[in-house]
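*Asks:* Sequence:
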Amino acid sequence: MKLHFLHKNLKSNFEFSHHKERQFLRLWHYHPEIELVYIKQGKGTLFAGDFIGTFEEGNLFLIGKNIPHMFQSSSKNFSEAYVLHLNQLFFEAIESSKEEFQYIRLIHNLSERGATFHSFKKNKIENLLFQLRELPVPLQAINILQVFYSLSVHSNNTYLGSVNWLNHHQVSDQRLSKVMEFLMLNFKEDISLEKIAGIAGMNKTAFCRFFKQHTGKSFITYLNELRINYSCKLLKEVHSNYSISKSCFASGFNSLSYYNRIFKKSTGITPSEYLKNNI
Numbered sequence: 008m009k010l011h012f013l014h015k016n017l018k019s020n021f022e023f024s025h026h027k028e029r030q031f032l033r034l035w036h037y038h039p040e041i042e043l044v045y046i047k048q049g050k051g052t053l054f055a056g057d058f059i060g061t062f063e064e065g066n067l068f069l070i071g072k073n074i075p076h077m078f079q080s081s082s083k084n085f086s087e088a089y090v091l092h093l094n095q096l097f098f099e100a101i102e103s104s105k106e107e108f109q110y111i112r113l114i115h116n117l118s119e120r121g122a123t124f125h126s127f128k129k130n131k132i133e134n135l136l137f138q139l140r141e142l143p144v145p146l147q148a149i150n151i152l153q154v155f156y157s158l159s160v161h162s163n164n165t166y167l168g169s170v171n172w173l174n175h176h177q178v179s180d181q182r183l184s185k186v187m188e189f190l191m192l193n194f195k196e197d198i199s200l201e202k203i204a205g206i207a208g209m210n211k212t213a214f215c216r217f218f219k220q221h222t223g224k225s226f227i228t229y230l231n232e233l234r235i236n237y238s239c240k241l242l243k244e245v246h247s248n249y250s251i252s253k254s255c256f257a258s259g260f261n262s263l264s265y266y267n268r269i270f271k272k273s274t275g276i277t278p279s280e281y282l283k284n285n286i
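Under the numbering used here, think of the first position of the sequence shown as 8, with each following residue one higher.
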């Protein structure tokens, strides 16, 4: 599976779409537009930047420009989502106008790492987005401003991507892009230092120096964090059949003792404690 660039060709500075299908687009992709996604129905796994986690009914996600992402449905029933794409001109025009619209800058800044919103007014946001289907463009803009204002005032948020993701995401080095794409798609496999260095076209010593310079972390630390994030996702899935040992090996680790040690180092608690907290 490769990373794909999607050309949206928006008819205005924003565009609303309503998706109801067996599976969301199973494509690891990116685009220059910022994306707001409300999950009306369905569940599955969200990959966004270096974030791996679950999505389910009622979730609201903000995906920044050029952040690779994919919603992988796991529900046997239909999945449904309201999706809003906005280009840079939408934000620039509003941010440069009035102090009253500073909340738009807040949303814009949140999008750089991607975010998920909590404790927002679910019915209000859902209705405002749903109404976009029938409204003319000028009135759509008013609804969008109401959505962003409500989120800035009546919600909490959690970043999706790490600070290190943001730092390397802003670097145009194609070698790093190839490495990150490979890791996101293959982190569950056995990846040797020699193999990943080869992806970057470097020897092992040069690659280790290069990777830490751009991400602030060693290759092993970064890979372990991807695996732990995925392991957490497996452990907290509702009605999950994953035991701690299954989660360990399904995430790419080949030693349970090493997995336990890295899990606690990364999360501050043991896998058993994490599982207990998420039952």
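Hint data in this document are derived by calculation from the structure and do not stem from the laboratory. Worth double-checking, as some hints may not be accurate.
What the hints assert, rightly or not - Here are the simulated lysine-lysine pairs, BS3-like style, with alpha carbons at most 27 Å apart: (1) Lys202 - Lys253; (2) Lys219 - Lys253; (3) Lys129 - Lys195; (4) Lys72 - Lys83; (5) Lys185 - Lys27; (6) Lys83 - Lys240; (7) Lys131 - Lys195; (8) Lys195 - Lys185; (9) Lys50 - Lys202; (10) Lys47 - Lys72; (11) Lys219 - Lys128; (12) Lys129 - Lys240; (13) Lys211 - Lys253; (14) Lys47 - Lys240; (15) Lys202 - Lys83; (16) Lys272 - Lys9; (17) Lys128 - Lys195; (18) Lys195 - Lys240; (19) Lys253 - Lys272; (20) Lys253 - Lys129; (21) Lys27 - Lys129; (22) Lys240 - Lys50; (23) Lys271 - Lys240; (24) Lys9 - Lys271.
As the list claims (entries may be wrong) - Simulated restraints, written as ranges between beta carbons of each label pair: (25) Thr277 - Thr165: 33 to 39 Å; (26) Lys129 - Ser184: 49 to 55 Å; (27) Lys202 - Thr165: 28 to 34 Å; (28) Asn210 - Glu102: 32 to 38 Å; (29) Glu141 - Asn261: 49 to 55 Å; (30) Gln153 - Glu28: 25 to 31 Å; (31) Leu146 - Leu200: 54 to 60 Å.
All C-beta atoms, glycine included, are put in the ideal place defined by N, C-alpha and C.
*Asks:* Compare the structure with each hint and give your call.
*Replies:* Going through the hints against the structure:
no. : hint                        : in the structure
1   : Lys202 - Lys253             : 26 Å, holds
2   : Lys219 - Lys253             : 31 Å, violated
3   : Lys129 - Lys195             : 35 Å, violated
4   : Lys72 - Lys83               : 30 Å, violated
5   : Lys185 - Lys27              : 32 Å, violated
6   : Lys83 - Lys240              : 19 Å, holds
7   : Lys131 - Lys195             : 39 Å, violated
8   : Lys195 - Lys185             : 17 Å, holds
9   : Lys50 - Lys202              : 34 Å, violated
10  : Lys47 - Lys72               : 23 Å, holds
11  : Lys219 - Lys128             : 41 Å, violated
12  : Lys129 - Lys240             : 23 Å, holds
13  : Lys211 - Lys253             : 31 Å, violated
14  : Lys47 - Lys240              : 20 Å, holds
15  : Lys202 - Lys83              : 37 Å, violated
16  : Lys272 - Lys9               : 32 Å, violated
17  : Lys128 - Lys195             : 37 Å, violated
18  : Lys195 - Lys240             : 13 Å, holds
19  : Lys253 - Lys272             : 19 Å, holds
20  : Lys253 - Lys129             : 35 Å, violated
21  : Lys27 - Lys129              : 19 Å, holds
22  : Lys240 - Lys50              : 12 Å, holds
23  : Lys271 - Lys240             : 15 Å, holds
24  : Lys9 - Lys271               : 33 Å, violated
25  : Thr277 - Thr165: 33 to 39 Å : 22 Å, violated
26  : Lys129 - Ser184: 49 to 55 Å : 36 Å, violated
27  : Lys202 - Thr165: 28 to 34 Å : 33 Å, holds
28  : Asn210 - Glu102: 32 to 38 Å : 45 Å, violated
29  : Glu141 - Asn261: 49 to 55 Å : 54 Å, holds
30  : Gln153 - Glu28: 25 to 31 Å  : 28 Å, holds
31  : Leu146 - Leu200: 54 to 60 Å : 56 Å, holds
In terms of the numbered hints stated before, the structure departs from hints 2, 3, 4, 5, 7, 9, 11, 13, 15, 16, 17, 20, 24, 25, 26 and 28, listed from lowest to highest.
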